[in-house]
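Here is what each chain is made of, one letter per residue.
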Amino acid sequence: DAKTTQPPSMDCAEGRAANLPCNHSTISGNEYVYWYRQIHSQGPQYIIHGLKNNETNEMASLIITEDRKSSTLILPHATLRDTAVYYCIVRSYNTDKLIFGTGTRLQVFP
Amino acid sequence: EPEVTQTPSHQVTQMGQEVILRCVPISNHLYFYWYRQILGQKVEFLVSFYNNEISEKSEIFDDQFSVERPDGSNFTLKIRSTKLEDSAMYFCASRDRKSNQPQHFGDGTRLSIL
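Protein chains in written order, with the working numbering: chain A, 1 to 110; chain B, 1 to 114.
Bound-form chain A, shown alone (with noise of 0.2 angstroms):
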């Protein structure tokens, strides 16, 4: 089962910073935290991905909390493109496999 917990739906207004926050207080020390989205029925689309320290790039930003127990994804200025679900991600050390959990589906609103 997945190690993260989301809220199952957040809105968001358009131009606004979007935070998406995720839980995975069981997460180990060398465990990454991943995060992806996906628009409609397209494939899992990468977003960002941290270890401990906090992660930008043209897409986002991930904050990870001290302990690593908690993160926020942040999109900096919605669109209503952005509207999709995204799925906070632990993969273990000792397997290739991401689990996905039900996510977080963003409505971006006019």
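Since the hints were derived computationally from the structure, they do not count as laboratory data. Glycine included, C-beta positions come from ideal geometry on N, C-alpha and C. Warning: the hint list may mix true and false statements.
Quick list of simulated restraints, FRET-style, between CB atoms [claimed, not checked]:
| # | chain 1 | residue 1 | chain 2 | residue 2 | range |
| --- | --- | --- | --- | --- | --- |
| 1 | A | Pro-7 | B | Gly-40 | 15 to 21 angstroms |
| 2 | A | Ser-9 | B | Asn-51 | 37 to 43 angstroms |
| 3 | B | Asn-52 | A | Met-10 | 41 to 47 angstroms |
| 4 | A | Gln-107 | B | Asp-71 | 41 to 47 angstroms |
| 5 | A | Thr-72 | B | Lys-42 | 20 to 26 angstroms |
| 6 | B | Glu-68 | A | Ser-9 | 37 to 43 angstroms |
| 7 | A | His-77 | B | Met-15 | 45 to 51 angstroms |
| 8 | A | Arg-16 | B | Asp-71 | 44 to 50 angstroms |
| 9 | A | Gly-15 | B | Asn-28 | 37 to 43 angstroms |
| 10 | B | Ser-81 | A | His-77 | 46 to 52 angstroms |
| 11 | B | Ser-81 | A | Asp-67 | 28 to 34 angstroms |
| 12 | B | Met-15 | A | Thr-56 | 44 to 50 angstroms |
| 13 | A | Tyr-93 | B | Val-24 | 25 to 31 angstroms |
A few chain B residues facing chain A, derived, Cβ under 7 angstroms [said to hold, decoys possible]:
| # | residue |
| --- | --- |
| 14 | Lys-42 |
| 15 | Val-43 |
| 16 | Phe-45 |
| 17 | Ser-48 |
| 18 | Phe-91 |
| 19 | Asn-100 |
| 20 | Pro-102 |
| 21 | Phe-105 |
| 22 | Gly-106 |
| 23 | Gly-108 |
Assemble the complex: chain A is given as a structure, and chain B must be docked to it using the hints.
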């Protein structure tokens, strides 16, 4: 930007027939995967493949399923005798050699079993 490509985008097959789903992973990636998503359900891991061998598989990946890398660019999933419950989106993914690198997914093949 390099991407994983999958063909066909939609496959319709009669129950009991064999089907082969095709994927071209990102070049220079060494790890390959298949996942599936039944309509309205979660994305589920099927199998991972590295160095011409299956490295991990799920309970779903039974004897009816097989994977192959027939040449340097393609990665295929074969379902030997399809069942109605095999109807799903099938996603191929690949990743680079470093262990923490992310998997990149294709846009999937919608498999419909009649």
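Hint-by-hint comparison with the structure:
{"no.": "1", "hint": "A/Pro-7 to B/Gly-40: 15 to 21 angstroms", "verdict": "holds, 19 angstroms"}
{"no.": "2", "hint": "A/Ser-9 to B/Asn-51: 37 to 43 angstroms", "verdict": "holds, 41 angstroms"}
{"no.": "3", "hint": "B/Asn-52 to A/Met-10: 41 to 47 angstroms", "verdict": "holds, 43 angstroms"}
{"no.": "4", "hint": "A/Gln-107 to B/Asp-71: 41 to 47 angstroms", "verdict": "holds, 43 angstroms"}
{"no.": "5", "hint": "A/Thr-72 to B/Lys-42: 20 to 26 angstroms", "verdict": "holds, 22 angstroms"}
{"no.": "6", "hint": "B/Glu-68 to A/Ser-9: 37 to 43 angstroms", "verdict": "holds, 40 angstroms"}
{"no.": "7", "hint": "A/His-77 to B/Met-15: 45 to 51 angstroms", "verdict": "holds, 48 angstroms"}
{"no.": "8", "hint": "A/Arg-16 to B/Asp-71: 44 to 50 angstroms", "verdict": "holds, 48 angstroms"}
{"no.": "9", "hint": "A/Gly-15 to B/Asn-28: 37 to 43 angstroms", "verdict": "holds, 38 angstroms"}
{"no.": "10", "hint": "B/Ser-81 to A/His-77: 46 to 52 angstroms", "verdict": "holds, 50 angstroms"}
{"no.": "11", "hint": "B/Ser-81 to A/Asp-67: 28 to 34 angstroms", "verdict": "violated, 50 angstroms"}
{"no.": "12", "hint": "B/Met-15 to A/Thr-56: 44 to 50 angstroms", "verdict": "holds, 49 angstroms"}
{"no.": "13", "hint": "A/Tyr-93 to B/Val-24: 25 to 31 angstroms", "verdict": "holds, 29 angstroms"}
{"no.": "14", "hint": "Lys-42", "verdict": "holds, 5 angstroms"}
{"no.": "15", "hint": "Val-43", "verdict": "holds, 4 angstroms"}
{"no.": "16", "hint": "Phe-45", "verdict": "holds, 4 angstroms"}
{"no.": "17", "hint": "Ser-48", "verdict": "holds, 5 angstroms"}
{"no.": "18", "hint": "Phe-91", "verdict": "holds, 5 angstroms"}
{"no.": "19", "hint": "Asn-100", "verdict": "holds, 5 angstroms"}
{"no.": "20", "hint": "Pro-102", "verdict": "holds, 4 angstroms"}
{"no.": "21", "hint": "Phe-105", "verdict": "holds, 4 angstroms"}
{"no.": "22", "hint": "Gly-106", "verdict": "holds, 5 angstroms"}
{"no.": "23", "hint": "Gly-108", "verdict": "holds, 5 angstroms"}
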